[in-house]
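> Those protein sequences? They're chains A and B, same order as listed. Residue 0 is where the first sequence starts when you use numbering that gives the first Met the number 0, and the numbers rise one by one after that. Residue 0 is where the second sequence starts when you use numbering that gives the first Met the number 0, and the numbers rise one by one after that.
There could be a bad hint or two in this list.
In silico lysine-lysine, PhoX-like type, Cα no more than 20 Å apart, as pairs [what the hints assert, rightly or not]:
#, chain 1, residue 1, chain 2, residue 2
1, B, K172, A, K178
2, A, K69, B, K172
3, B, K65, B, K38
4, B, K38, B, K172
5, A, K69, A, K178
6, A, K95, A, K69
Only part of the chain B face toward chain A is listed, based on derived beta-carbon distances under 10 Å [unchecked claim]:
#, residue
7, G6
8, T17
9, A21
10, T28
11, T29
12, A39
13, T40
14, L192
Just so you know, these hints were derived from the structure itself, not from any lab. Every value quoted in this text rests on a predicted model; they were computed, and no experiment measured them. Just so it is clear, CB atoms sit at the ideal spot from N, CA and C, and this is done for glycine as well.
Listed here are the chains, written in short residue letters.
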Amino acid sequence: MAYIVDGSELQVGTKLTVVATPANSASVTRYGTDGRDVSCQSKATYSCVGEFTPAATPTDMVMITGSPTKTIRVVSMYFTASNTLGGVSETLFLNKRVMPNFGGTFVAATAVPFDSLDAAATALVGHYTANPTTLGQIMGTINSVRVALPPVIPTSFAGHAEDAGVELLPWLSASVLDKMVTLRGVSECMVVNFNSAALFAGEVHAYRIVWTEE
Amino acid sequence: MAIIKSGATADLLTIDPTSKAARVTVYDTTGRDLSVQSKATYAAAGTFTPPATPGDLITISGSSSKNVRVISVFVTTTTTAAGSIQLYLAKRSTNSTGGAFVSATAVPFDSTDPAATANVGHWTTVPTEGTLVGNTSIIRIATPVAVPATFAGIVEDAGKELLPWYVHSVLDKPIVLRGVAQWLVVHFARQALVAGQTHAYRVVWTEE
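Kindly produce the complete structure, drawing on both the sequences and the hints.
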């Protein structure tokens, strides 16, 4: 008879658990070859939302920055746009930066932990109401979408979208093997950018960001 | 020959006879069983007319004995004349009090599971709201008329997932409610109702 013994605790002799009835199955925990625990639902998860009127000819509008202590993985970036008249569209860009922005007026959003056992969020999330004075160095554009802008309160329903929002980074977009957008350190950030285009009259936005920290 | 035996009991690892594969059960590092389809799952649904300038519209509260993980929150809205409204999904750390709360019937997906311990329902008069942790989602959705005169331009579905079923990727957590003080609510931010505004909803959650 042989026991499988934890090699890191030879003196303690921690033994593999075999779950009894009915399965008689071995208990295992999944790890990557880098030693990262990849158990399902194992990561501290957070969400935040915000609503705002953007600055004129906006650049970066919504931002999530990396953390000084944790690695941030962005799970979802949902963004809504509406204006006074509807019937128009605009192009949005989801960019990753490797240097932080400077200046402007940034309004931090409240990060909500999905599980109260988890620590407070360390990523900084929010939106700009005045453009950053200097944009950080861009790594590249992850996504660009052209979205319809319905009126905030349409006078009739005909032809209007069900939902004024779009997933710029769709929840459940990560399959088993591909990585989520990862922010390492406070210099890295992901932003929703408007490329300094002119606003439509009455243009307003809302957003939701979901991310994990570990 | 090697036999793999439990370190705690006399149980031996089973090798299935056809596949010759060993049985394994996946756990996280805290000892939580992560087998697929292993959790007691429940749903509740309701329809209602909200009170004027509502705050909380729909609530799922935590349990005194189980951890509640919310899988889906789906809300529909109709109005007399079509338009749009904004809804929020928020987490509270203390209970809302007062008001008139109507509990919905929690349906276990499997009759071998015990009765649900979470309380799900809607408000027909406005409560005094508990402490807000923050909003977890926000949507602006179209509100079609309840019975349209014609089909032209009408959406297929008057509802929207505030917390979409099967939304999670592999590693992120569902919203977890630990203890009866923790609530997840759909709220309307005390905005004025649109004429004829009515709602229906469905909440799905697990308990373990």
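> Enumerate the violated hints, using their earlier numbering and listing them in ascending order.
8, 12, 13, 14
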